[in-house]
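J.: Heads up: the sequence lines are chains A and B, in that order. Numbering of the first sequence is given in the numbering used here, commencing with residue 6 and proceeding in unit increments. Numbering of the second sequence is given in the numbering used here, commencing with residue 4 and proceeding in unit increments.
It is possible that some hints are incorrect.
Said to hold, decoys possible - Cut-off 30 Å, straight-line C-alpha distance, at most; resulting in silico cross-link-like pairs (DSSO-like, lysine-lysine):
1. A:Lys108 to A:Lys7
2. B:Lys29 to B:Lys16
3. B:Lys29 to A:Lys47
4. A:Lys108 to A:Lys61
5. A:Lys47 to A:Lys7
6. A:Lys47 to A:Lys61
7. A:Lys61 to B:Lys29
8. A:Lys7 to A:Lys61
9. A:Lys7 to A:Lys72
10. A:Lys108 to B:Lys29
11. A:Lys47 to A:Lys108
12. B:Lys16 to A:Lys47
13. A:Lys108 to A:Lys72
14. B:Lys16 to A:Lys108
15. A:Lys72 to A:Lys61
Stated by the list, open to error - Covered stretches of chain A, going by a simulated chain B footprint (3 or more residues, C-beta under 8 Å):
16. 44 to 50
17. 92 to 103
If you're looking for bench data, these hints aren't it; they were derived computationally from the structure. For glycine and all other residues, C-beta sits at the position ideal for the given N, C-alpha and C.
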Amino acid sequence: QKEVEQNSGPLSVPEGAIASLNCTYSDRGSQSFFWYRQYSGKSPELIMSIYSNGDKEDGRFTAQLNKASQYVSLLIRDSQPSDSATYLCAVNPPGNNRLAFGKGNQVVVIP
Amino acid sequence: DAGVTQSPTHLIKTRGQQVTLRCSPKSGHDTVSWYQQALGQGPQFIFQYYEEEERQRGNFPDRFSGHQFPNYSSELNVNALLLGDSALYLCASSLVVAGYQETQYFGPGTRLLVL
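Isolated chain A (complex conformation) (with noise of 0.2 Å):
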């Protein structure tokens, strides 16, 4: 089982739409979850973070944490085409200083 886990393929989005976006996570006891953007030859920029249960909001983007079913979601609203780019989760396992990363999904809006 992998750590990090990003199963859905591209996602195409028409511009103005809701881009959602799950990954889920094996380790239990994780705590802190992160959401980076890449844009294509560049490297993650940092867009959430999130710590407990519930919703965190950001400008256009909304975190979800659900540690009991070990997922985490992002939401981008009123989607542009300047967020088509792949969004990486991120986990930091118990007692790690490392990230594990997922995949990655890529994001594609359609203007």
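Starting from the structure of chain A, add chain B where the hints point.
T.: Frame of chain A; chain B shown alone:
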């Protein structure tokens, strides 16, 4: 406020050679982590340096080694390069507060191509 910087941006080497990559952390940060990202994959943790010592290591062979200097900057060395070492190498810096590591921020990366 300077962010994380890495050098060089691109590098081409041949099999068997050795390479050194460099990273300067974000101002105020004291911890440097290195990751390898192959095409189409998420970053994989190589190791982390804190207080000039290797604090944790991922599942990478001994050909991968590193160092952290008193000014918190860091180097990643890879010996006996293999074709499979071709990847984007990312440095991330963070701050340890009361034993707890805060959020990691990534530098622009070094793209290594091994021929």
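J.: For every hint, state whether the structure bears it out.
T.: Okay, the hints, checked on the actual structure:
| no. | hint | verdict |
| --- | --- | --- |
| 1 | A:Lys108 to A:Lys7 | holds (10 Å) |
| 2 | B:Lys29 to B:Lys16 | holds (28 Å) |
| 3 | B:Lys29 to A:Lys47 | holds (18 Å) |
| 4 | A:Lys108 to A:Lys61 | holds (23 Å) |
| 5 | A:Lys47 to A:Lys7 | holds (25 Å) |
| 6 | A:Lys47 to A:Lys61 | holds (26 Å) |
| 7 | A:Lys61 to B:Lys29 | holds (25 Å) |
| 8 | A:Lys7 to A:Lys61 | holds (25 Å) |
| 9 | A:Lys7 to A:Lys72 | holds (17 Å) |
| 10 | A:Lys108 to B:Lys29 | holds (26 Å) |
| 11 | A:Lys47 to A:Lys108 | holds (16 Å) |
| 12 | B:Lys16 to A:Lys47 | holds (21 Å) |
| 13 | A:Lys108 to A:Lys72 | holds (20 Å) |
| 14 | B:Lys16 to A:Lys108 | holds (27 Å) |
| 15 | A:Lys72 to A:Lys61 | holds (14 Å) |
| 16 | 44 to 50 | holds (count 4) |
| 17 | 92 to 103 | holds (count 6) |
Of the numbered hints listed earlier, not one is contradicted by the structure.
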